[in-house]
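Taken in sequence, the protein lines are chains S and C.
All residue numbers for the first sequence refer to numbering that gives the first Met the number 0, where the first residue is 0 and numbers rise by one.
All residue numbers for the second sequence refer to numbering that gives the first Met the number 0, where the first residue is 0 and numbers rise by one.
I should point out that these hints are in silico values taken from the structure, not numbers from a laboratory.
Note that CB positions come from ideal geometry on N, CA and C, so glycine has one too.
Be aware that one or more of the hints could be misleading.
Reference excerpt, derived from the structure (chain C facing chain S, CB under 10 Å, subset only) [stated by the list, open to error]:
1. G122
2. L125
3. S127
4. G197
5. L207
6. G217
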Amino acid sequence: MGVDIRVENLNAWYGSTQSLWDVNLHMPANHATALIGPSGCGKSTFVRCLNRMHETNPIARAEGVVSMGGLDIYKDASPVEVRRRVGMVFQRPNPFPTMSIYDNVASGLKLNGFRKKRVLDEVVERSLKQAALWDEVKDDLKKKSGASLSGGQQQRLCIARALAVDPEVLLMDEPASALDPVSTAKIEDLIFKLKSSYTIVIVTHNMQQAARVAENTGFFLTGKLVEFAPTTKIFTNPSDKRTEDYITGRFG
Amino acid sequence: MGGNARQYGEGALMPQLPARSANWERFIAIRRSATNNSVTLITILSTVLVLVPLVAILGYLLYKGFSSLNLAFFTHVPAPVGEEGGGMANAIVGSGVILALASAMGIPFGIGAGVYLAEYGAGSKLASGIRFTADVLNGVPSIVMGIAAYALIVAKQQHFSGFAGSVALAIMMVPTVTRTTEEMLATVPHAVREAALGLGIPKWRTILSVSLRTASPGIITGCMLAFARVAGETAPLLFTALGNQFFGVNLNEPMAALPLQIYTYAVSPYDEWHRLAWAGALVLIVMIMVSVSLVRIFANRGMLKGGS
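Next comes chain S alone, as it looks inside the complex (with noise of 0.2 Å):
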């Protein structure tokens, strides 16, 4: 099941330039969150900071509190720990390319230790049906590569990899950017179905698709958080003037 998320005064940084700026937001538990904004707001960031691979790069830090169902993931938790409650999916699809379909969906219990082989079957049958990829790769799970297949059943794929290891949230850095329209609906379906048992946040360009999918729906413009509130309000009657220039194409 998911929890909820919560965010308080969150900064940070890539060496001295500063990303983010006192962020402070709470999204409930079970629901879609979207953020939007152009490009280089900070979205992509403030969706890096909740799973700790903000970090991974060398010259980057953040500060402040995320709170996910109680537990401070930066007091109380190794980035390790944390990744393994918070699934990702990134913006082009990254199968592992050496890997069958099933290692790909399998890799993040078999790289971690996990080897009794009726439990993974099971898992990697689970995953791949939840991510709507079963029927389309179930006869060749292990004789192809991840590359092998399109890029729209790629980015499913990676969907299933981050279910397989049970997160409670599923982070989604603009998951469908690089799809076509058939594979854009395929994953916003998707979308829709996994949120009664994940805690969704998901970065888009694509305000229909915000609309669309998510319950909240959070503007970020220039590292700070401008304006977070329920997606239909975001809409049609955004209380900042800011918000209501970039939702009707005023600039960015």
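Once you have looked at the hints, place chain C on chain S.
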């Protein structure tokens, strides 16, 4: 050109090129295909030029060496001066043992250093020091490696040994293996590493099971290059393994090796020994080709269809 004007109409957005006569256009077309053909011809000629000495050497080796090859060559040790027959069984086995030990020592150290350079030390002073040292080491004449191993091991132990030869060859392998490992790891997309870290896989495991595995075809090629290079080295073995006229697999004693045996026989005044030297050279090349191919076949097994 003319076609553009027809296609887009007068005053359309396409820039208008000055009109050319039909003869001019034909001239340009002929000139283009002439340039294309001559450049293609140059590349073919260069390929032939590169292949000619290679094929000539192999062919001459086959011609000279094959006639002297017989079962005794593989089963007998060298015959004393003045006696007919004899073989290089001791040198073939000696080369195999020395090279196996050299690979077992050189390849892991080389890969380890390459992993450090690519994954941990990026940008650090230590890393640029190691990189510089590796490049210098790569250019050091092989005889210097032999002297180094002599000073480090032979002089200390007061006797020549196959082990000392292995160490000299291992040191020669390290720079090539290190640099290829580093370069191949650098070609692994950052996104693949991020995928692994994002799944909560620790960094060491990510490097071992994802980065190295993705880069493995290139790393294996690098190891094979290093192996093939040292397999034919004579100079580093002169002061270390020394050579041995008798059969033995004790690494603590002077040991025979094919390049040494070929050298000894080739500079000798006897026709019989010259023939054996040719046969030895042929066997050495075939040994290198077979081991490199075997590793390739072995490494390609289990590769998946459709992967990149």
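**Message:** Please check whether G122/C passes as an interface residue: C-beta within 10 Å of a C-beta belonging to chain S.
**Reply:** Since chain S brings a Cβ to about 8 Å from G122/C, closer than 10 Å, the hint holds.
Problem - Status of the G197/C interface restraint (C-beta, 10 Å, chain S) - result: holds, 4 Å
Should the hint that S127/C touches chain S count as held when the rule is a Cβ pair under 10 Å?
violated, 16 Å
Hint check: 10 Å Cβ-Cβ cutoff, L125/C to chain S: violated, 15 Å
### Message
Just to be careful: measuring from the Cβ of L207/C to every Cβ in chain S, is the smallest value less than 10 Å?
### Response
Check passed: Cβ of L207/C comes within 9 Å of chain S, closer than 10 Å.
Quiz item: Does G217/C pass the interface hint, meaning its C-beta sits closer than 10 Å to a C-beta of chain S?
Solution: With a minimum Cβ separation of about 12 Å from chain S (threshold 10 Å), the hint on G217/C is violated.
Hint compliance for this structure: hints 2, 3, 6 are not met, and every other hint is.
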